[in-house]
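Visitor: Okay, here's what each chain looks like letter by letter:
4 protein chains.
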Amino acid sequence: MNFASDNWASATAPVMDALARHTAGAAPAYGTDPLTTSVSEQFSQIFERDVAVYFVGTGSAANALALSAYAKPGGAIFCHPGAHIQVDECGCPEFFTGGGKLVSVPGANGKITPDALKDAMDAFPDGVVHHGQVSAVSITQATESGTVYSLDDIRAIKSVAESRGVPLHMDGARFANALVSLNASPADMTWRAGVDVLSFGATKNGCWCAEAVVFFDLEASRGFEYLRKRAGHLFSKSRFIAAQFDGYLQDGHWLETAAHANRLAQSIADGVQAAGGRTAWPVEANEVFPILKKTDVKRLEAAGARFYEWSAASIGDNIAPDDDEVCLRMVTSFATSEDEIQQFIATLAQV
Amino acid sequence: MNFASDNWASATAPVMDALARHTAGAAPAYGTDPLTTSVSEQFSQIFERDVAVYFVGTGSAANALALSAYAKPGGAIFCHPGAHIQVDECGCPEFFTGGGKLVSVPGANGKITPDALKDAMDAFPDGVVHHGQVSAVSITQATESGTVYSLDDIRAIKSVAESRGVPLHMDGARFANALVSLNASPADMTWRAGVDVLSFGATKNGCWCAEAVVFFDLEASRGFEYLRKRAGHLFSKSRFIAAQFDGYLQDGHWLETAAHANRLAQSIADGVQAAGGRTAWPVEANEVFPILKKTDVKRLEAAGARFYEWSAASIGDNIAPDDDEVCLRMVTSFATSEDEIQQFIATLAQV
Amino acid sequence: MNFASDNWASATAPVMDALARHTAGAAPAYGTDPLTTSVSEQFSQIFERDVAVYFVGTGSAANALALSAYAKPGGAIFCHPGAHIQVDECGCPEFFTGGGKLVSVPGANGKITPDALKDAMDAFPDGVVHHGQVSAVSITQATESGTVYSLDDIRAIKSVAESRGVPLHMDGARFANALVSLNASPADMTWRAGVDVLSFGATKNGCWCAEAVVFFDLEASRGFEYLRKRAGHLFSKSRFIAAQFDGYLQDGHWLETAAHANRLAQSIADGVQAAGGRTAWPVEANEVFPILKKTDVKRLEAAGARFYEWSAASIGDNIAPDDDEVCLRMVTSFATSEDEIQQFIATLAQV
Amino acid sequence: MNFASDNWASATAPVMDALARHTAGAAPAYGTDPLTTSVSEQFSQIFERDVAVYFVGTGSAANALALSAYAKPGGAIFCHPGAHIQVDECGCPEFFTGGGKLVSVPGANGKITPDALKDAMDAFPDGVVHHGQVSAVSITQATESGTVYSLDDIRAIKSVAESRGVPLHMDGARFANALVSLNASPADMTWRAGVDVLSFGATKNGCWCAEAVVFFDLEASRGFEYLRKRAGHLFSKSRFIAAQFDGYLQDGHWLETAAHANRLAQSIADGVQAAGGRTAWPVEANEVFPILKKTDVKRLEAAGARFYEWSAASIGDNIAPDDDEVCLRMVTSFATSEDEIQQFIATLAQV
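Protein chains in written order, with my numbering: chain A, 679 to 1029; chain B, 679 to 1029; chain C, 679 to 1029; chain D, 679 to 1029.
Just chain A, with the same shape it has in the complex:
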């Protein structure tokens, strides 16, 4: 019963197979090999248009480098207070952007709202040198609260970003989970809704370390290879990332693993509800934030369940945990089994 994180999983068999398959023989270094080229072309097919793709090894690198392509002196980047770039990257976005400021834009269910975004940007009027300048908007899809922006949500946020002339970045560490959740096409959920640059994550969903910065804004991608290299993020044997993506993207494998994880997350949510519990936010991807009695949590731990307690700070007042309760974060992945779910539900129901 391991629900600690999708980062705790290893790699899927197709990904490992692809890595092994591409092991043989020599190939040019630093991403100039044929495999990297052909996998890059797969990205263009997936997104139904020309994209500029850059492989890196971590989600933090993908996010921070993507944002650095739009860096301005005194630049302000707008994101949710719970965003990974705001909370979990140890200042990497700030560092790579030469000291950018990450401005928190509140919103329920882990999502920023267009109105709150507009208000936050209003504090940085054009031409007022003291306050700095708007630089980018970043949304996380699926969010850190396990929810998903609808296509309309994205378009509305894009509209605000566009009104101030800044790009829209999507942190897609759980991109596949969101895609499956919306039953949308990659194109619809990104550039057709206004996304300019995407951190396309594959690590959580089945790879060892495979992330891609995908530019739909081809102009902005010019010179990006220097940003990546200057930060030490160009791998010499870069094709081992291409190989992972090759296995990941083949025959819809990536969507299957995401669908599996999402489905099991929904099962957890159903089990929680059946046991009379509730979740802090709607369960729309592969994360569940159940609010449970502390006694139940102890029992689950005793039965071997792994999860993290989660801050209740941003939970709506009407459903926030009371003194006897606690909020958990439970994450599912390709490696989560039905058995684990059933065991969890049974243990929870066992009062």
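Worth flagging that the hints you see were computed from the coordinates, not collected in a lab. Quick caveat, the model's predicted, so the values are computed rather than measured.
Since the list gives no way to pick one copy over another, a pair counts as held whenever it fits inside one copy or between any two copies.
Computed list of lysine to any residue pairs in SDA-like fashion (alpha-carbon distance at most 25 Å, straight line):
1) 972 - 706
2) 972 - 797
3) 796 - 765
4) 971 - 786
Got chain A; can you put chains B, C and D on it based on the hints?
Guide: Then chains B, C and D, alone, in the frame of chain A:
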């Protein structure tokens, strides 16, 4: 006949096996897993003392992060003009050190000399704020010229560094090749000779992407995990690097692959000499820089040999290429076969 | 009737006289001149202990450089959401600290509270690399709301900072105004209350450009001259700043100008109250934030009064402006005359 | 007999008068005042075209900020090994450009040559991500060797810069001295010869702290105010710099002080030659580098002369100091008197 670079090779079978072996099951993320712990302990055994080890994915990251642990405002880092950090890392050391200056220290055969180092450091007297301040000395072992610093060489350089109170960094992208060449122990070639921090490279010698920053100066390693994370170089599924190292270090595998590469490099050098040619620098590791007639080079290329032309700028006047000649760089690796060598030698001798 | 800003004033006669007086003759450059030495010693006398003093030309430079002396990778600096470093320095603190994050700590009347500070720091637990690490606490004295931290306030904040092992920085852009307001000694309001480093501002209170970074934490000041120089903030003819300070500090001139400004600010507040108005925050230094009827404001403008409208966002609900009202910022300085005040009050009362 | 540096001088009477004259009254802060506007317009008149002018307080700030407007990741800036940006700014250009690399381009008499520049740039071929990318060329006018680039020199260097698509920056810390030396117009010596951005220095030649970044490349100046502010280099009472420039530029005052300094430097050179000595480089501005017998130098020091010994490293072999000799640097300024010169010459001749 592929001698383009050791970066063109893939990963060795033991490394791939270890990666596959460690695939199964969940494990804590971000380097807190048991495998990372046990592989880290292997480093302490190899170096015969406590060391602080941090895994990263690229040699540039290892070098630049190691140097950033000693960064000072206006800091000057001293290295050979041909050093990887000076020539091939797109300013990553400068970026990660907040604008450090890489000062070139000349020396024959790709090695800086203690006297030249002292002279270069004299331009940065203590307390003269205008010129900045000495910050670190970096040597490459084996060097970019395919030569190796002797233990005495290292000690002499350390002595100069110490006289100015700065640490000695070793870029060990080809650490194993140097070790085998000197027939020295890892401890002797590093901390016992005065090295404070080492970039321990394993990628070129058989891994996909496995580099380690190894601190002998434990005090300086404090807080290093924040430097790594801030730069996006902490992998979530970090154990996939530990796994590579596990295969790499097992049963002396790493020294065997290096010995193989060194031996074949020597065979190339012998073949060149037998054909009446010469090399730009002594062949002491897994790189050969033959100076050949342009007509011979064309013939080799026609026969399918891959290598790079190399700048003659730093070759001693007495042996520099004349107008009919060119200097090549040829690199061997675990993946280079005896056959390739024999074919090369035969083709070269075929005049 | 110019109440736009104390930055709109020029320099006082004693400051200009000192500048002219020190004009004659040659003197060593870059702060190695006798005048700089003697003025630095005046700082030690004023603070009743040895201090390390560094002159710079702008308050932003003083703040950002002071904080950069304590920079850590992924470092978090805690300050009020209205702090100058957070709102008005175009990311200079972020830039100079290598990408530090400025974390807003709320509090009424422009002052952070110890409890809110503790909560904010709790989000950065020691050793959790993802969130970064606590780096410094910064308070503004007098605040951007025209209020003043009491000595007890400062001690309580210091206590929280100390519990996490980070220094306390004071932005003293209006240091003299706060000092006069509290009737405290410089020593009591700084190091005796726990301040480690101070941005000692003199520009707003009568100089052209004279700011000093004053370290009470002498250990942390080591190497600061390199931070200043690396940022281009070491003046070649540095004594022109020393000269301004010489005039500023002589015979208590600086306290007189501050007392004058504070007194006139109080007169404005009294006039506002007499006219039935109110201020957004207590008037404790040289800034007044009256909440006035929009019709009155138009009349004041027509009469030639200069001031800025101010955001009502952080004003307590019970006194916030209603739809017919607006909040203004009015600033007094040495250059403000009694006549201007009387004219303002008369105009306001003229309904 | 003070020839230590033009930085040791104070400010000229016209500059001090202008500063005092503009003291009265209030004016908008941060460079939005009428005086700043009118002085900025004077720059456009002086340069016979529209220019974008930004005032800063130090030459290092002017240089580093100007170069930062053209910064690229992994960017290489080409300059003479003796350039102020390379030797005397404590890494400020590297810091402000996010880790740019300053590449030394050799050349006699303190001047880079077009051929050496081309060679140096060839090491950074377009599109090779490892080596970084060419970013800017910077020349110093007058040079740190007291020589002056001819208009043809500048054009030839521009031609090389242009061939690689990078801008030409001129460090004009001694701009007026060079202008007078060449008897050229400001326009001819800058944009008409290909200069894109100029650090216009006035501090050494008569101001306290007055430097301007002057863009002829108006496109590149967009957003420069954010670069300046982010670095803490926007003065709140910015008009005190405008005031200095106002006095400096009035009625050709700046050219007179420069002509005075140049003339006295020439007198020193003549005296040295008359005494049988020589200079390390031609004397073309306000710096003289005499090579004198050590015994003479002692005598001069005993008579009260102030100067610095200078490194002989870059002096041509045919005229380098022998064991009994030493090279000095002597600098003249507006504050140097004929008497000082005559005393120096007389003392030297007194053998």
